[in-house]
Amino acid sequence: MQRHITEQTAIFFSVTKWVFLSSVIGIVIGAVVTFFLKILEYSENSRDLLPFPHYYLLPFALVATVWLVKTFAPSAQGHGTEKVIEAVHKKDGKIDISVIPVKLLATVLTIFSGGSVGKEGPGAQIGAGVASGISSLLKFRKGDRKKLVICGISAGFASVFGTPVAGAIFGVEVLIIGLIMYDVLLPSFIAGFAAFTTAQFLGIQYTYYNLHFFQDISLNVKLILLVMVAGLFFGIISDIVITIVQKIESFIKKIKVSIYLKAFTGGSILVIITLIVGTQYIGLGLDTISNALNPNLVYSNDLHWYDFILKTIFTALTLGSGGSGGIITPIFYIGATSGHTFGTLFSPEHITLFAALGFVSVVSATTNTPIASTIMAIELFGIDIAHYAALSAVISFLISGHRSIFSTQIISMKKSEMLSVKIGEEVEHINIELEEYEQNKIEKIKQRIKRKKEELAKKKNKKYKE
Numbered sequence: 345m346q347r348h349i350t351e352q353t354a355i356f357f358s359v360t361k362w363v364f365l366s367s368v369i370g371i372v373i374g375a376v377v378t379f380f381l382k383i384l385e386y387s388e389n390s391r392d393l394l395p396f397p398h399y400y401l402l403p404f405a406l407v408a409t410v411w412l413v414k415t416f417a418p419s420a421q422g423h424g425t426e427k428v429i430e431a432v433h434k435k436d437g438k439i440d441i442s443v444i445p446v447k448l449l450a451t452v453l454t455i456f457s458g459g460s461v462g463k464e465g466p467g468a469q470i471g472a473g474v475a476s477g478i479s480s481l482l483k484f485r486k487g488d489r490k491k492l493v494i495c496g497i498s499a500g501f502a503s504v505f506g507t508p509v510a511g512a513i514f515g516v517e518v519l520i521i522g523l524i525m526y527d528v529l530l531p532s533f534i535a536g537f538a539a540f541t542t543a544q545f546l547g548i549q550y551t552y553y554n555l556h557f558f559q560d561i562s563l564n565v566k567l568i569l570l571v572m573v574a575g576l577f578f579g580i581i582s583d584i585v586i587t588i589v590q591k592i593e594s595f596i597k598k599i600k601v602s603i604y605l606k607a608f609t610g611g612s613i614l615v616i617i618t619l620i621v622g623t624q625y626i627g628l629g630l631d632t633i634s635n636a637l638n639p640n641l642v643y644s645n646d647l648h649w650y651d652f653i654l655k656t657i658f659t660a661l662t663l664g665s666g667g668s669g670g671i672i673t674p675i676f677y678i679g680a681t682s683g684h685t686f687g688t689l690f691s692p693e694h695i696t697l698f699a700a701l702g703f704v705s706v707v708s709a710t711t712n713t714p715i716a717s718t719i720m721a722i723e724l725f726g727i728d729i730a731h732y733a734a735l736s737a738v739i740s741f742l743i744s745g746h747r748s749i750f751s752t753q754i755i756s757m758k759k760s761e762m763l764s765v766k767i768g769e770e771v772e773h774i775n776i777e778l779e780e781y782e783q784n785k786i787e788k789i790k791q792r793i794k795r796k797k798e799e800l801a802k803k804k805n806k807k808y809k810e
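Okay, so the sequence shown: first residue is 345 according to the numbering used here, each after it adds one.
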């Protein structure tokens with residue numbers, strides 16, 4: 345009895361501690377992220393004051409961003425969430441406090457000038473930076489600091505997108521593929537909810553989509569099969585996106601010239617491409633996402649089957665050239681437009697449904713977060729999409745393989761029993777091979793085919809001689 349009382353008392357104090365800490369951290373992050381979003385909104389609205397197209401500033405903005413990051417906070421480089429994952433795994437959650445103002449300013453510069461990046465990376469990095477700073481100030485132990493930083497990721501994600509439950513799950517799901525950190529679940533939920541409600545209270549308005557989709561009571565086998573095929577399609581799209589982004593960023597890194605020259609050249613290339621193909625691929629791309637998800641097909645006229653490819657190239661060039669920002673918003677764009685194309689080809693009566701499924705499924709596959717992505721679908725699109733989103737998100741997650749847009753994610757599961765995968769490795773260092781018994785099976789099949797061919801050849805020769 346005494347042991348039971350001791351256990352329950354310890355749990356009570358632990359829960360009380362984390363309810364208080366995660367509430368405080370969520371409120372603080374909600375306020376800081378609101379400040380970031382308000383500045384971003386103001387900067388976007390002020391573009392009209394320019395006497396020329398805002399994207400002409402891209403080469404200069406990228407140079408300024410590179411200088412800012414290199415001079416004041418090198419760890420603020422890239423798309424935010426990746427650096428936070430790295431900090432949790434390799435630095436016990438320690439994040440330089442200078443990341444917060446530098447990331448904020450660098451991202452505003454990038455998006456204002458038309459860079460193809462998103463808001464969630466800075467939101468997650470700012471949130472994690474605030475959490476890390478408070479942890480250091482209060483001299484927390486390593487374990488507690490890591491917990492609080494994960495809460496920071498959840499709070500940042502939730503307050504940027506208006507998805508408190510998905511944000512909480514994203515924070516505990518994105519770090520390790522195939523493992524959810526249940527000990528951080530409660531504080532992540534509270535931090536996400538506190539940040540979301542704080543941002544709402546301070547005037548942030550979130551976008552939720554009415555797809556006019558309602559689940560029919562009767563069993564729609566055709567639609568279920570199409571959703572499964574769509575999951576395969578989104579998994580392949582995700583694999584293409586990861587490959588393009590990594591190849592372009594790797595190519596730019598290998599060019600042995602000044603980083604400032606790279607930034608200016610990359611920005612100039614983006615300006616030239618924009619003049620050729622149009623402005624729909626620069627910036628956040630929220631209008632295109634809304635058009636893809638709009639049940640009124642009049643808005644579909646501006647969409648093309650190749651939109652997702654061009655958006656991927658624009659995003660990779662922006663980030664590879666030194667731009668600062670997240671990658672999830674571009675992935676929303678890629679998913680929604682590719683889903684719209686899939687729906688147009690195979691199910692014209694459910695175009696917006698497949699656009700919504702693409703929206704969450706490509707996130708699921710590129711970031712290895714199928715549960716968070718499914719919950720996000722419910723929060724953004726309503727309960728009727730739940731089971732279709734779960735089916736598509738999980739299939740796309742599996743089909744994309746052991747790859748990720750976040751290369752420092754750690755593998756804790758293999759997506760097929762036929763594969764040999766070293767558990768505990770980072771995604772970028774993973775070596776995938778067939779299991780030995782599967783290789784033996786294939787070898788046996790090859791031998792059988794070879795013998796069959798030899799037997800057929802002998803029979804033919806025998807007939808020819810006769």
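Be aware that a few hints might be false.
Stated by the list, open to error - The calculated PhoX-like cross-link candidates involving lysine-lysine, where the alpha carbons are at most 20 Å apart (straight line), are:
1. K600 - K361
2. K361 - K483
3. K435 - K486
4. K483 - K438
5. K434 - K486
6. K361 - K435
7. K438 - K486
8. K438 - K414
9. K606 - K414
10. K434 - K766
11. K361 - K486
12. K434 - K483
13. K606 - K591
14. K600 - K414
15. K414 - K566
16. K790 - K802
No lab work stands behind these hints: they were computed from the structure.
Here's how the hints hold up against the structure:
Between K600 and K361 the alpha-carbon distance is near 51 Å, which puts this suggested pair outside the 20 Å criterion. Pair hint K361 plus K483 holds up; C-alpha atoms about 15 Å apart against a cutoff of 20 Å. Straight-line distance between C-alpha atoms of K435 and K486 comes to about 9 Å, which keeps the hinted pair within the 20 Å bound. For the suggested pair K483 and K438, the alpha carbons sit about 12 Å apart, so the restraint of at most 20 Å is met.
This hinted pair checks out: K434 and K486 have alpha carbons roughly 12 Å apart, not beyond 20 Å. Distance hint between K361 and K435 is unfulfilled; the C-alpha atoms sit about 24 Å from each other, more than 20 Å. Pair hint K438 plus K486 holds up; C-alpha atoms about 9 Å apart against a cutoff of 20 Å. In summary, the hint linking K438 to K414 is supported, as the alpha carbons are separated by about 19 Å, within the 20 Å threshold.
Among the hinted pairs, K606 with K414 is consistent with the structure: their alpha-carbon atoms are about 14 Å apart, no more than 20 Å. Straight-line distance between C-alpha atoms of K434 and K766 comes to about 19 Å, which keeps the hinted pair within the 20 Å bound. Taking the CA atoms of K361 and K486, the gap is near 16 Å; set against the 20 Å cutoff, the hint holds. Simply put, K434 and K483 have alpha-carbon atoms about 19 Å apart, close enough for the 20 Å limit, and the pair holds.
Simply put, K606 and K591 have alpha-carbon atoms about 16 Å apart, close enough for the 20 Å limit, and the pair holds. Annotation: proposed proximity of K600 to K414 holds, straight-line Cα distance about 17 Å (limit 20 Å). The straight-line distance between the Cα atoms of K414 and K566 is roughly 54 Å, outside the 20 Å bound, and the hint therefore fails. With a CA separation close to 18 Å, the supplied pair K790 and K802 stays within the 20 Å bound.
In this structure, the earlier hints numbered 1, 6 and 15 are contradicted, and the remaining ones agree with it.
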